[in-house]
Amino acid sequence: MRRLHTEVAIVGAGWSGFRSISPDLSFREMMFEAATKAYTDAGIDPRRDLDGLVTAEEDFHEGIAISDEYVPDPMGAVLRSVHTIAGDGLQALAAGVMQIAAGAARIVAVESHSKASNVLNLDQITALAMDPVFQRPLEVHPVFIAGLECRRYLEVTRTPIECVAQVVVKNRRNALRNPRAAFPADLSLEDVLDSEPLAEPLTRAMAAAPADGCVVFVLARGDVARRLTDRAVWIRGLGWATDSYTLESRDWEGAAYLRRAAERAYEQAGIRNPRRAFDLVEVDDTFAYKELQHLEALGLCRPGEAGWWTAEGATEIGGELPVNPSGGCLGEGHLLDASGLARLLEAVLQLRGEAGPRQVPNARTALVASWRGLPTTTGAVAVLSREP
Amino acid sequence: MAGRRVAIVGAGMTKFVRRALETGPELAWEAASKALESCEMTLDQIDAVVLGSAPDAFDGVHMKVEYLSPGAGAWGKPTIRGYVGGGTGVFAAIQGWYHIASGMFDTVLVVCEEKMSSCHPHPQAAFNYIFDHTLERPLGPNLLWIFALEMNAYMTKYGLTKRDIALVAVKNKRNAAGHPAAQLADPDITVEDVLNSEVLAWPVQRLDVSPTSDGAVAVVMAADHVARRVTNKPVWVEGVGWSLDTQYWTNRDLSYPTYVEEAARKAYAMAGIREPRKEIHIVEPYDPFDYKELHHLEGLLLADRGKAAELVALGIANRDGDMPVTPSGGLLGVGNPIAAAGLMKVAELFWQLRGEAGPRQVPGQPRRGLAQAWGDLMQVGTVIILGI
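Line by line, the protein sequences give chains A and B. Numbered according to the working numbering, the first sequence spans residues 1 to 388. Numbered according to the working numbering, the second sequence spans residues 1001 to 1388.
One or more hints might be untrue.
Stated by the list, open to error - Which bits of chain B does chain A cover? Going by a derived footprint, with three or more residues having C-beta under 8 Å, they are: (1) 1009–1017; (2) 1238–1250.
Unchecked claim - Which residues of chain B face chain A? A few of them, derived with a C-beta cut under 10 Å, are: (3) Leu1051; (4) Ser1053; (5) Pro1070; (6) Tyr1083; (7) Gly1085; (8) Gly1087; (9) Thr1088; (10) Trp1097; (11) Ala1101; (12) Phe1105; (13) Ser1118; (14) Pro1121; (15) Tyr1256; (16) Leu1377; (17) Thr1382.
To be verified - Sample of chain A residues facing chain B (criterion: CB under 7 Å; computed from the structure): (18) Asp68; (19) Val78; (20) Ser385.
No lab work stands behind these hints: they were computed from the structure. We treat Cβ as the ideally placed atom computed from N, Cα and C, and that holds for glycine.
I would like the entire structure built from these sequences, with the hints used as guidance.
As structure tokens, this is what we get:
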């Protein structure tokens, strides 16, 4: 079994936003705000203590080629070991953790942001991720993939669409207790089911709307973490995986990417029975059915169970296994490449007992899972604990 | 160094050409298959994949890691794409190192691919988007201009002539004559050819510059215990370093690459190297422009400031000199498919240190080599030291 050579903990967290628009802040100013909060939270001076920085961003989301050029300055990381991951924020977290475990750094910051409101044609940008030879000529918006996959999920697991709608109701209500959330709302099942069709059977309300925001974490090697803080959140397991790129050959049923990522993370964390291992879960819900599909792929319930769990309230903040107490992407807004770090942020605050009115009592362990969004089959998983 | 020992055990590459008929994933497949074949390994022995590619703007594919993943053998595997612009090629090998040194993986396939020819009419257009969108882009800058500024700063500060610098282009294009993958090898080129070539942006002339290219390179990396099983000639990673300077290039002293020095110092410290000029037997510095090779040799502390040109003029930097520099032929001779070009330098060291470089073989059984790449807004240095 392969384990990290060194304990690594999250010792600081900071954020800017999240909001549906942010005309008063540039992405650099959002980074500066979130970084300043995270460094203050960790009690470090970046110019003295920071060994490296990993950011997650995609050039087309930034509107900049080679977007990593612009990250050292607002983060106080000039002439440090800085690099970008063109992927999800949780993959950047993994890169930071591996650098520490490999002995290349003691303290590393991880950053990702979204300035989605600056992107005039986000749908067209997403379409550029489709295969340029076989699929792009069809000129279809990739959201149809979510519709197809949702339909397949409902058929195979015999889940009623009402259970998918219940995810939206739950998450946007949770968001009412979250000051970071961009889209809190008190909706009824009918509000969700009757909103305009998006890609059958999905309605507009079942898809997370994009938002602006930035999330920064400070990671430290175990011994450094113990010196810095008594509120460290420990990273016990990490996994990420990419399934098939082509639509024709991918696994349409079970989010295979997350199943594989979770297997690795559980193995590292020594978790044999994930159903009983976690006090809360923050999982990607870019489309409402994804929350259900992902809960099943993570082995937290059997295929077909997640919908009924949700309908019965088991995934509410006071339920058996709270899922997305933050409000998830549906409630907080979708932060593009930073969406995995947004999920992680809530888990860290919950484990530190700092989640205010949405605090899950005595939360000691948490699971975080991300998906890179349409049209990808890449996901990542992190297992967190209050104890090393 | 806390982590495990890591070795390169296999390498492979495609030809570097101006316009490849293959798609990006096909190029990635060719390089990856050759690397695996070179060490008689198969994909099921690979734990994780690291992908490298420069700006997505070249081929207009968003989330390019997904697009390349099937070709690079990443289906179902943990896959990640690290990114530091032109420094990506060497950084990808560094990333492979920290994947394994951290304890997370035993074997990693590192694949770098670039297809610049997709960008019509010329990839230079994509480089407009690397500039600051508020301060610089409205001026319509061209990448050649800022290199002209830097080359001028370097020549003026140290009183170097165009002829001093042209010798680098001559050496590298001649060296490339021994490289089966080379795009611009020329065994008969003279200094006059370089000095008489078309002026692009003074003092940069056509033959001072590397070409735009399509191509891919892959290496297989493995942990100590696996590497010794796979081959009796593992090439060990002895040191790594990377550093990213401020984005505000206008505020920097362009005559000296401080970021390269920072990266080199980290790598030397990790490798326990105190006198790099004596302890490094082969250097593969990044040479997209002829002056950059000299610039980088100084940043790497392998020449005094302003004195690197003497190494070339006196023949010390020749393949059979005391410190062979760019025996591969480099970007000027072999070609510059950006990310792949950096990893080509790593692969060259692998072949040289194993004594498998054929007509390019550096005499005297070299035991340690250094590869370096550079990129972004003239602001990043990535350094890897390999030894046998």
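Now for the hints, and whether the structure bears them out:
Counting residues of the region 1009–1017 of chain B whose C-beta lies closer than 8 Å to any C-beta of chain A gives 0; at least three are required, and the coverage claim is violated. Closer than 8 Å: that is the beta-carbon criterion, and the region 1238–1250 of chain B has 9 residues meeting it against chain A, so the requirement of 3 holds. The interface hint given for B:Leu1051 holds, since its Cβ lies 9 Å from the closest Cβ of chain A, which is under the 10 Å cut-off. For the restraint placing B:Ser1053 at the interface with chain A, the shortest Cβ-Cβ distance is roughly 8 Å, inside the 10 Å limit, so the hint holds.
Here the hint on B:Pro1070 is kept, as its CB sits about 5 Å from the closest CB of chain A, short of 10 Å. Given the 10 Å rule on beta carbons, the hint for B:Tyr1083 holds: about 4 Å separates it from the nearest Cβ of chain A. Taking 10 Å as the C-beta contact cut-off toward chain A, the hint placing B:Gly1085 at the interface holds, the least distance being around 4 Å. Annotation: interface hint on B:Gly1087 holds; nearest CB of chain A at approximately 8 Å, less than 10 Å.
Checking B:Thr1088 against chain A: minimum C-beta separation of about 9 Å stays under 10 Å; hint holds. Taking 10 Å as the C-beta cut-off, the interface hint given for B:Trp1097 holds, the closest approach to chain A being about 7 Å. At a threshold of 10 Å, the smallest CB-CB gap from B:Ala1101 to chain A is about 4 Å, leaving the interface hint in force. Restraint check, B:Phe1105 versus chain A: the minimum CB separation of about 6 Å is within 10 Å; hint holds.
Annotation: interface hint on B:Ser1118 holds; nearest CB of chain A at approximately 9 Å, less than 10 Å. Proximity of B:Pro1121 to chain A is violated relative to the hint, the smallest CB-CB distance being about 17 Å (cut-off 10 Å). At its closest, the beta carbon of B:Tyr1256 sits 13 Å from a beta carbon of chain A; the interface hint therefore is violated under the 10 Å criterion. With a cut of 10 Å, the hint placing B:Leu1377 at the interface with chain A holds, because the nearest CB-to-CB distance is about 5 Å.
The interface hint given for B:Thr1382 holds, since its Cβ lies 8 Å from the closest Cβ of chain A, which is under the 10 Å cut-off. Look at A:Asp68: its Cβ gets to within about 6 Å of chain B, closer than 7 Å, so that hint holds up. A hinted interface residue such as A:Val78 counts as satisfied when its beta carbon comes closer than 7 Å to some beta carbon of chain B; here the least separation is about 5 Å, so the hint holds. Given the 7 Å rule on beta carbons, the hint for A:Ser385 is violated: about 18 Å separates it from the nearest Cβ of chain B.
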